[in-house]
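Engineer: Chains as they are written, first to last, in the numbering used here: chain A, 3 to 344; chain B, 3 to 344; chain C, 3 to 344.
Incorrect hints may have been included.
Here are the simulated EDC-like cross-link-like pairs (lysine to aspartate or glutamate), alpha carbons at most 16 angstroms apart as the crow flies [said to hold, decoys possible]:
{"#": "1", "chain 1": "C", "residue 1": "335", "chain 2": "A", "residue 2": "328"}
{"#": "2", "chain 1": "C", "residue 1": "194", "chain 2": "A", "residue 2": "227"}
{"#": "3", "chain 1": "A", "residue 1": "329", "chain 2": "C", "residue 2": "334"}
{"#": "4", "chain 1": "B", "residue 1": "329", "chain 2": "C", "residue 2": "334"}
{"#": "5", "chain 1": "B", "residue 1": "335", "chain 2": "A", "residue 2": "334"}
{"#": "6", "chain 1": "A", "residue 1": "194", "chain 2": "B", "residue 2": "227"}
{"#": "7", "chain 1": "C", "residue 1": "329", "chain 2": "A", "residue 2": "328"}
{"#": "8", "chain 1": "C", "residue 1": "342", "chain 2": "B", "residue 2": "339"}
{"#": "9", "chain 1": "A", "residue 1": "335", "chain 2": "B", "residue 2": "334"}
{"#": "10", "chain 1": "A", "residue 1": "329", "chain 2": "C", "residue 2": "328"}
{"#": "11", "chain 1": "B", "residue 1": "47", "chain 2": "B", "residue 2": "33"}
{"#": "12", "chain 1": "A", "residue 1": "315", "chain 2": "B", "residue 2": "328"}
{"#": "13", "chain 1": "A", "residue 1": "329", "chain 2": "B", "residue 2": "324"}
{"#": "14", "chain 1": "A", "residue 1": "47", "chain 2": "A", "residue 2": "33"}
{"#": "15", "chain 1": "B", "residue 1": "194", "chain 2": "C", "residue 2": "205"}
{"#": "16", "chain 1": "C", "residue 1": "315", "chain 2": "A", "residue 2": "324"}
{"#": "17", "chain 1": "B", "residue 1": "47", "chain 2": "B", "residue 2": "65"}
{"#": "18", "chain 1": "C", "residue 1": "335", "chain 2": "A", "residue 2": "227"}
{"#": "19", "chain 1": "A", "residue 1": "194", "chain 2": "B", "residue 2": "205"}
{"#": "20", "chain 1": "C", "residue 1": "47", "chain 2": "C", "residue 2": "65"}
{"#": "21", "chain 1": "C", "residue 1": "342", "chain 2": "A", "residue 2": "221"}
{"#": "22", "chain 1": "A", "residue 1": "315", "chain 2": "B", "residue 2": "33"}
Simulated DEER-style distance windows between Cβ atoms [as the list claims (entries may be wrong)]:
{"#": "23", "chain 1": "A", "residue 1": "296", "chain 2": "C", "residue 2": "190", "range": "16 to 26 angstroms"}
{"#": "24", "chain 1": "B", "residue 1": "335", "chain 2": "A", "residue 2": "322", "range": "14 to 24 angstroms"}
{"#": "25", "chain 1": "A", "residue 1": "23", "chain 2": "C", "residue 2": "103", "range": "53 to 63 angstroms"}
{"#": "26", "chain 1": "A", "residue 1": "25", "chain 2": "B", "residue 2": "143", "range": "53 to 63 angstroms"}
{"#": "27", "chain 1": "B", "residue 1": "190", "chain 2": "C", "residue 2": "189", "range": "33 to 43 angstroms"}
{"#": "28", "chain 1": "B", "residue 1": "9", "chain 2": "C", "residue 2": "103", "range": "43 to 53 angstroms"}
Counterexamples of contact, computed for chain C against chain B with all Cβ distances above 10 angstroms [said to hold, decoys possible]:
{"#": "29", "residue": "4"}
{"#": "30", "residue": "20"}
{"#": "31", "residue": "22"}
{"#": "32", "residue": "37"}
{"#": "33", "residue": "73"}
{"#": "34", "residue": "102"}
{"#": "35", "residue": "128"}
{"#": "36", "residue": "155"}
{"#": "37", "residue": "184"}
{"#": "38", "residue": "344"}
Just so you know, these hints were derived from the structure itself, not from any lab. Positions of the beta carbon are idealized from the N, C-alpha and C atoms, including for glycine.
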Amino acid sequence: MTRRLDEIVARFGGDLRGDGSIAVTGLATLETATAGQLSFLANTKYRGQLATTRAAAVILSAEMADQCPVAAIVTPQPYLYFAHLSQWLAEGPPPPAGIHPSAVVESAIPASVSVGPQVWIAADVELGENTVIGAQCRIGAGVRIGADCRIYPGVTVYAGCRIGCRAIIHSGAVIGADGFGFARAPDGTWVKIAQTGCVVIGDDVEIGANTTIDRGALEDTIIGDGVKLDNQIQVAHNVQIGAHTAIAGCVGIAGSATIGAGCTLGGAAMILGHLTLADGVNVSSGTLVGKSITMPGSYTGTVPFMAHDDWLKNFSRLRHLDAMADKIRALEKRLAELEKNR
Amino acid sequence: MTRRLDEIVARFGGDLRGDGSIAVTGLATLETATAGQLSFLANTKYRGQLATTRAAAVILSAEMADQCPVAAIVTPQPYLYFAHLSQWLAEGPPPPAGIHPSAVVESAIPASVSVGPQVWIAADVELGENTVIGAQCRIGAGVRIGADCRIYPGVTVYAGCRIGCRAIIHSGAVIGADGFGFARAPDGTWVKIAQTGCVVIGDDVEIGANTTIDRGALEDTIIGDGVKLDNQIQVAHNVQIGAHTAIAGCVGIAGSATIGAGCTLGGAAMILGHLTLADGVNVSSGTLVGKSITMPGSYTGTVPFMAHDDWLKNFSRLRHLDAMADKIRALEKRLAELEKNR
Amino acid sequence: MTRRLDEIVARFGGDLRGDGSIAVTGLATLETATAGQLSFLANTKYRGQLATTRAAAVILSAEMADQCPVAAIVTPQPYLYFAHLSQWLAEGPPPPAGIHPSAVVESAIPASVSVGPQVWIAADVELGENTVIGAQCRIGAGVRIGADCRIYPGVTVYAGCRIGCRAIIHSGAVIGADGFGFARAPDGTWVKIAQTGCVVIGDDVEIGANTTIDRGALEDTIIGDGVKLDNQIQVAHNVQIGAHTAIAGCVGIAGSATIGAGCTLGGAAMILGHLTLADGVNVSSGTLVGKSITMPGSYTGTVPFMAHDDWLKNFSRLRHLDAMADKIRALEKRLAELEKNR
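Work out the full structure: start from the sequences and follow the hints.
Structural biologist: In structure tokens:
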């Protein structure tokens with residue numbers, strides 16, 4: 003789809019510098035943009051690429067505008083501008099409304115909803131207007147999904163779970179499987195605790211491919227408005243995630259943890275159970291959080307990698323840190339003795 | 003479903019203190035229970051909530067019974083009691099027996115089995131009585147699944163795998179995909195080793211959403227009776243897991259590892275290949291097990307997280323642990339020299 | 003299927019020692035092989051099992067041949083020989099060509115292709131000759147898949163992605179879901195960046211169960227020829243993986259990372275975003291790679307596990323490493339002072 007710069011500015015704001023009749027066909031980085039593409043400069047690290055870009059125009063901030071050799075859209079937040087624009091340019095026709103004849107639908111569905119091939123929708127399901135259910139999704143009994151959602155093929159939603167409006171859920175996500183709850187009997191066997199809570203998901207939530215969110219044991223697992231979950235995340239039963247928290251791939255959150263609002267969790271971070279993270283906490287990738295965090299800020303706990311041979315030398319010392327600390331203390335005492343008698 | 007306390011005690015035992023005609027509609031925690039709900043006190047940490055609970059009755063141990071302001075069911079193991087009871091109260095009508103018309107079933111199936119919409123069951127499959135196969139499961143040729151199993155929608159079982167009785171398998175689980183086995187050719191390419199073993203799963207096993215268990219290379223991958231696997235676990239080829247071992251989410255077990263019976267592995271623990279863990283080993287969350295463990299007990303290997311700036315200061319030292327140890331040794335030598343000549 | 007040793011040697015080479023008319027029915031390890039099975043000795047660690055093996059014949063190297071009590075196929079690379087042979091012996095009849103009547107296929111498909119039950123193939127899809135699409139796969143619009151591929155049941159390929167020839171893709175894999183890209187607005191909400199790139203996968207790639215490979219933001223995510231990915235791997239948007247790199251289960255690769263050719267990443271390794279790994283890099287299991295690696299070699303960054311009580315003693319010291327280093331420096335200074343004044 004082709005758009006003129008003046009059309010873009012009319013819709014998204016910003017100051018246009020240059021010829022508004024220039025038409026752009028899509029977005030690209032400064033380095034790879036070709037004639038007819040629109041680029042952006044959001045990180046000053048890439049400022050050097052501005053002089054040589056072949057983009058038709060660049061979205062950038064006022065400080066950079068003078069250095070721009072081509073047309074420009076000047077805005078205080080170029081990356082945010084780019085984000086909004088990217089959605090508009092990528093918009094295609096929605097899947098056709100209606101129910102594919104191969105779907106098995108046991109509930110009444112609004113006419114504006116699109117139900118793809120081989121979908122299964124159980125009884126007592128309520129879907130909002132314009133929601134798209136991709137091929138082969140499985141929607142359990144009593145599920146509620148709001149309006150304008152996009153559920154990609156092969157998503158599973160267990161019975162009774164509730165999802166807000168404008169959700170995007172990617173393939174292979176499983177919402178509402180049983181939490182992992184057992185009592186151990188004296189003979190060592192595990193007796194299952196029925197998981198009778200649900201999963202309740204707010205508005206504007208995105209859930210990545212193969213991410214799993216378990217239903218609560220007695221109460222619900224709760225995902226706040228605007229939460230963004232990447233792929234292959236595990237959210238255990240009775241977890242609560244505050245609004246607008248973003249979580250990268252491969253993160254695990256153990257049972258009954260409460261994550262604040264506006265947090266970020268880096269990839270493969272692991273949050274242990276029954277902890278509370280305050281609002282505005284940033285956990286670094288690969289960090290295991292083993293106790294609650296009460297103050298906003300950035301937290302890290304990882305080890306540096308090194309050449310394997312160096313690692314062998316250094317990491318064997320980890321087993322002897324306590325002994326090293328003892329030796330230092332003994333040295334301090336002996337030295338003080340010597341100094342006294344000098 | 004409403005149950006009277008005397009009905010519950012008649013079925014599950016325990017000493018009833020109070021009015022047996024009290025009816026309860028469900029279970030809740032001490033803190034959240036409302037009139038008509040039954041609660042439990044299994045962890046003395048929550049003892050303080052007993053005085054103010056609004057529960058109709060509480061399951062607890064004899065030591066706590068005197069402090070209970072409402073009716074009580076007294077039992078030596080309140081949590082275990084609660085587990086058994088939770089299942090009974092959650093029981094709903096089973097899915098209807100029979101094969102949904104949209105399913106593709108190439109094997110003979112007992113009349114008591116429930117096969118959901120759009121299921122595919124290949125040839126030579128044997129299913130036990132009363133087993134439920136949820137929507138869109140894919141059951142490969144020659145698979146055996148025992149009686150009274152509950153296979154949730156979207157589970158894949160590859161050809162030839164065997165599952166015992168009373169299994170619960172959650173959506174997105176994949177049983178029997180190829181193990182990851184290759185020989186490296188001199189030119190750097192990888193030549194696949196055919197994975198001709200199967201997966202053999204005992205009775206009373208639960209498998210979480212999106213968990214994967216690979217088939218063996220030459221022999222089988224074996225999951226013992228009563229094993230409980232949470233979500234997003236990876237079990238590689240030729241692994242053996244002993245009976246009644248419980249494994250939390252995001253754990254990885256590399257090829258040919260043997261895990262004993264009655265073990266627990268915390269979330270995101272990682273067990274390297276060709277290792278053996280004794281019976282009764284507990285591995286902490288996030289711990290990488292790089293050699294065999296011959297004695298029961300608890301094992302840990304994680305780093306504490308800290309504020310990011312503190313981490314920068316402390317963790318850069320990890321690259322110099324060996325040098326620190328050398329410095330301490332040199333100091334000891336010089337100090338001994340001084341002390342001798344004092 | 004039964005094969006004579008002389009048939010095997012005629013096909014795969016190697017020196018036959020013993021009776022070529024011996025027939026073998028399958029492969030097994032030295033320890034478990036029974037009469038009629040063919041075994042191999044690839045690792046000298048297992049040399050001791052040679053004397054007592056009950057295998058009908060053994061594949062081994064010239065140095066070991068004299069110690070072999072049964073017939074032998076002598077080859078310089080027994081494991082590679084075994085790999086090739088394993089494929090041949092495991093070959094079964096391919097699934098029948100043609101489209102299962104329950105499939106929904108909106109594209110023209112070659113007659114040699116096998117499309118299983120309840121598959122959905124959208125419009126404008128091109129499939130190569132002899133490719134097998136397993137039950138309930140979902141193939142989005144405009145996808146290209148080469149010849150001789152084996153796509154197991156329940157795989158999802160999003161619109162526009164391209165896969166080369168001879169791919170093997172296991173159940174639950176999701177190719178081409180949206181990358182995790184958002185701009186943060188001043189009010190803390192996240193604005194989605196449309197992910198308009200695709201996933202481009204070379205020839206001879208294997209992808210494990212429940213592995214996810216995200217589509218690029220502006221450009222494509224690229225998986226080179228001969229790459230082997232195990233289960234539950236997460237490959238983020240705009241990642242590039244060089245040819246013949248092998249990656250074990252549970253690995254995460256963050257956005258825009260570039261992995262060289264011929265690398266190996268151990269299980270649960272984690273590669274942060276925007277990094278570059280040179281060709282021939284081996285990353286150990288559980289290692290977090292937080293900066294680029296420019297030289298081939300082996301790299302590690304993990305902590306040793308220990309009995310939980312020992313861990314408590316030693317790992318609390320990690321928070322004080324910086325203080326320990328300061329103390330050592332202070333000791334050195336005081337000691338030098340004493341030595342000077344001796």
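Engineer: Taking the hints in turn, state whether each one holds.
Structural biologist: A quick look at each hint next to the structure:
no.	hint	verdict
1	335(C) with 328(A)	violated, 19 angstroms
2	194(C) with 227(A)	holds, 14 angstroms
3	329(A) with 334(C)	holds, 14 angstroms
4	329(B) with 334(C)	holds, 9 angstroms
5	335(B) with 334(A)	holds, 14 angstroms
6	194(A) with 227(B)	holds, 14 angstroms
7	329(C) with 328(A)	holds, 12 angstroms
8	342(C) with 339(B)	holds, 13 angstroms
9	335(A) with 334(B)	holds, 12 angstroms
10	329(A) with 328(C)	holds, 14 angstroms
11	47(B) with 33(B)	holds, 13 angstroms
12	315(A) with 328(B)	holds, 11 angstroms
13	329(A) with 324(B)	holds, 15 angstroms
14	47(A) with 33(A)	holds, 13 angstroms
15	194(B) with 205(C)	holds, 14 angstroms
16	315(C) with 324(A)	holds, 6 angstroms
17	47(B) with 65(B)	holds, 14 angstroms
18	335(C) with 227(A)	violated, 58 angstroms
19	194(A) with 205(B)	holds, 14 angstroms
20	47(C) with 65(C)	holds, 14 angstroms
21	342(C) with 221(A)	violated, 71 angstroms
22	315(A) with 33(B)	violated, 52 angstroms
23	296(A) with 190(C): 16 to 26 angstroms	holds, 20 angstroms
24	335(B) with 322(A): 14 to 24 angstroms	holds, 18 angstroms
25	23(A) with 103(C): 53 to 63 angstroms	holds, 54 angstroms
26	25(A) with 143(B): 53 to 63 angstroms	holds, 56 angstroms
27	190(B) with 189(C): 33 to 43 angstroms	violated, 51 angstroms
28	9(B) with 103(C): 43 to 53 angstroms	holds, 52 angstroms
29	4	holds, 15 angstroms
30	20	holds, 22 angstroms
31	22	holds, 23 angstroms
32	37	holds, 16 angstroms
33	73	holds, 19 angstroms
34	102	violated, 7 angstroms
35	128	holds, 25 angstroms
36	155	violated, 4 angstroms
37	184	holds, 22 angstroms
38	344	violated, 7 angstroms
In the structure shown, a violation is registered for the earlier hints numbered 1, 18, 21, 22, 27, 34, 36, 38, in ascending order.
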